[in-house]
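Those sequence lines, one after another, are chains W and U.
Residue 57 is where the first sequence starts when you use this note's numbering, and the numbers rise one by one after that.
Residue 2 is where the second sequence starts when you use this note's numbering, and the numbers rise one by one after that.
No wet-lab data here; the hints were simulated from the structure.
Positions of the beta carbon are idealized from the N, C-alpha and C atoms, including for glycine.
Incorrect hints may have been included.
[Unchecked claim] To give an idea of the interface, some chain U residues facing chain W are shown, with a C-beta separation under 8 Å as derived from the structure:
1) 73
2) 79
3) 80
4) 96
5) 99
6) 102
7) 105
8) 111
9) 119
10) 131
11) 134
12) 135
13) 137
14) 198
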Amino acid sequence: MLDFWFFLEVLVGGLLSGTMYALVALGFVLIYKASSVFNFAQGAMVFFAVLSFVGFMELGLPFWAALPVTVGLMILVGMGTERFVLRPLVNQSEDTLLMATIGLAFVIEGVAQLAWGVDVRRLDLGIRDEPINWVMDKTGMLVSQLDVTAAAVAGIMVAALALLFSHTKVGRGLRAVADDHAAALSIGIPLKHIWMLVWATAGVVALVAGMLWGARSGVQFALVWVALKALPVLIIGGFTSVPGVILAGLIVGAVEKLGEVFIGPFFGGGIEGWAPYMLAVLFLLIRPEGLFGEKIIRRV
Amino acid sequence: MTVSVASAVERTAAVEAAVQPVLAVKNIEVIYNHVILVLRGVSLEVPQGKIVALLGGNGAGKSTTLKSISTLLGSERGAVTKGSIEFRGQRTDQLTPGELVGMGLVQVMEGRHCFGHLTAEENLITGAYARSISRSQLREELDRIYAYFPRLKVRRSSLAGYTSGGEQQMIAIGRAMMAKPNMLLLDEPSMGLAPQIVAEIFEIVRDLNQKEGVSILLAEQNTNVALKFADYGYILESGRIMMDGPAKALADNKDVKEFYLGMSSEGRKSFRDIKSYRRRKRWV
């Protein structure tokens with residue numbers, strides 16, 4: 057009947073692809089924590105980052121040189137966003153900031169295609185999307201090398217960021233800014249630096265996410281929509297929690313793949329696309345702040 | 002226009018004490034959104050080491066005055082269009098709130114504004130964000146603050162959002178003190194608190210003033226309490242200073258009694274008459 061190894065293979069595949077969703081969602085969480093804004097431009101940043109990376113490689117830069125150059129570029133994008141989008145909007149409502157990021161998304165998408173063209177590129181990271189041999193030999197499961205690498209990279213980034221938030225001065229400042237801009241200003245926390253740092257970090261996360269997604273499905277405009285995959289992850293995990301999005305990423309990945317394989321046939325297949333959103337809707341009904349989201353503290 | 006209740010002798014004494022006021026606001030005018038005139042020529046001085054109260058009703062311009070001083074006004078689309086503000090002899094109009102914190106001027110905002118998702122202790126630690134101090138120094142500073150606010154030591158690991166209003170006010174003041182300020186701007190520390198807590202907080206504020214030597218500019222609606230703890234007072238109405246003088250003289254002044262303390266010349270009004278009580282005269 058139900059083959060245990062097959063079940064495990066689907067589960068592992070789902071969990072691994074879940075880490076990729078988590079990585080994209082991480083960029084949202086970073087910015088949401090610091091500027092309490094849902095950054096619509098995150099998808100565009102993923103696209104812009106990896107397209108620039110591939111572009112630099114096409115210009116003849118080797119991998120090890122293109123990487124820091126792109127990181128530098130994303131830091132510049134972060135600083136520019138702070139200077140030209142956020143700073144003029146200090147103390148404005150969250151809706152205003154949200155609209156600003158929608159505008160920012162169009163600008164970044166436009167600039168990316170203007171600078172690098174609209175062709176679909178291939179990105180070769182030297183890691184192939186093929187099953188790992190010894191796992192296949194031992195258990196008969198097909199586990200992709202790329203998935204495992206991506207999961208490892210995502211894991212490292214997440215651990216580093218979690219430490220940054222909870223244990224450093226900057227992290228504390230960041231959480232303070234997230235809670236109350238005005239109060240943070242009044243005690244001399246430099247909003248500018250915090251925002252710059254956060255947007256630059258989100259840019260780097262976007263680059264890593266873009267490279268992993270790009271290596272799998274090609275560097276193309278569709279990467280912008282990867283951000284949509286992050287939405288259920290964010291709702292389930294909570295917009296403000298780093299560990300939350302990781303767990304939620306795993307859940308979404310697993311639900312997607314297991315659902316497709318085991319429940320999909322009853323619906324005529326194709327539930328992979330919408331199962332995570334259904335789960336997100338359930339969460340919105342039952343636990344709107346997500347698994348680990350900050351409870352909305354409001355004294356009456 | 003300004004009515005001063007200080008006698009000539011008191012005046013000269015005050016002038017001598019205030020040779021170099023730590024804060025001097027000179028004739029400032031503030032406009033919000035380019036159209037709404039909020040302050041029209043406010044001048045005040047805070048001598049080093051004193052508590053000065055800025056009194057007045059809702060919408061008189063107390064908070065606006067404090068925000069112009071701390072330059073937090075900029076993020077609310079307000080601007081000082083005339084006059085000058087000098088803190089320790091330096092004009093503040095080109096400085097950022099962060100730079101002013103570095104110079105020793107910290108504002109405790111109206112409504113407390115704690116970081117709700119940080120613990121009480123983390124809130125205090127963020128107060129020292131702008132200072133580069135070592136871990137052990139930070140520990141000492143925290144202990145110093147806890148000595149003034151023993152309640153906070155008990156609640157140190159609670160999320161600030163879950164603490165009581167009085168505790169939040171203490172967190173806000175303690176957090177400002179962590180920046181080691183020379184001067185505090187307190188905006189309505191009594192807001193929404195029980196009289197007992199208000200008294201507790203004001204006692205601590207006086208303690209901070211005396212032991213740490215922090216000068217304090219206090220905006221308050223609670224005229225009674227504020228005049229009890231302050232050295233000097235200014236009364237603000239419709240964006241103008243209507244009266245100023247030593248706190249004691251203000252508290253004894255007939256008009257202040259009638260306008261702000263609810264007492265007429267016949268003594269305190271009985272509760273039954275309050276409804277029909279109307280101001281018989283106004284300054285403006």
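For each hint, the structure was consulted:
1. 73: Since chain W brings a Cβ to about 6 Å from residue 73 of chain U, closer than 8 Å, the hint holds.
2. 79: violated (11 Å)
3. 80: Result: violated, 14 Å to nearest chain W Cβ.
4. 96: At 11 Å from the nearest chain W Cβ, residue 96 of chain U fails the 8 Å test, so the hint is violated.
5. 99: holds (4 Å)
6. 102: Hint on residue 102 of chain U: holds, closest Cβ of chain W at ~3 Å, below 8 Å.
7. 105: violated (11 Å)
8. 111: violated (10 Å)
9. 119: holds (6 Å)
10. 131: This hint holds: residue 131 of chain U lies near chain W, its Cβ roughly 4 Å from the closest one there, short of 8 Å.
11. 134: violated (10 Å)
12. 135: Violated, because the Cβ-Cβ distance from residue 135 of chain U to chain W comes to roughly 12 Å (cut-off 8 Å).
13. 137: violated (15 Å)
14. 198: violated (15 Å)
In this structure, the hints that do not hold are numbers 2, 3, 4, 7, 8, 11, 12, 13 and 14, in rising order.
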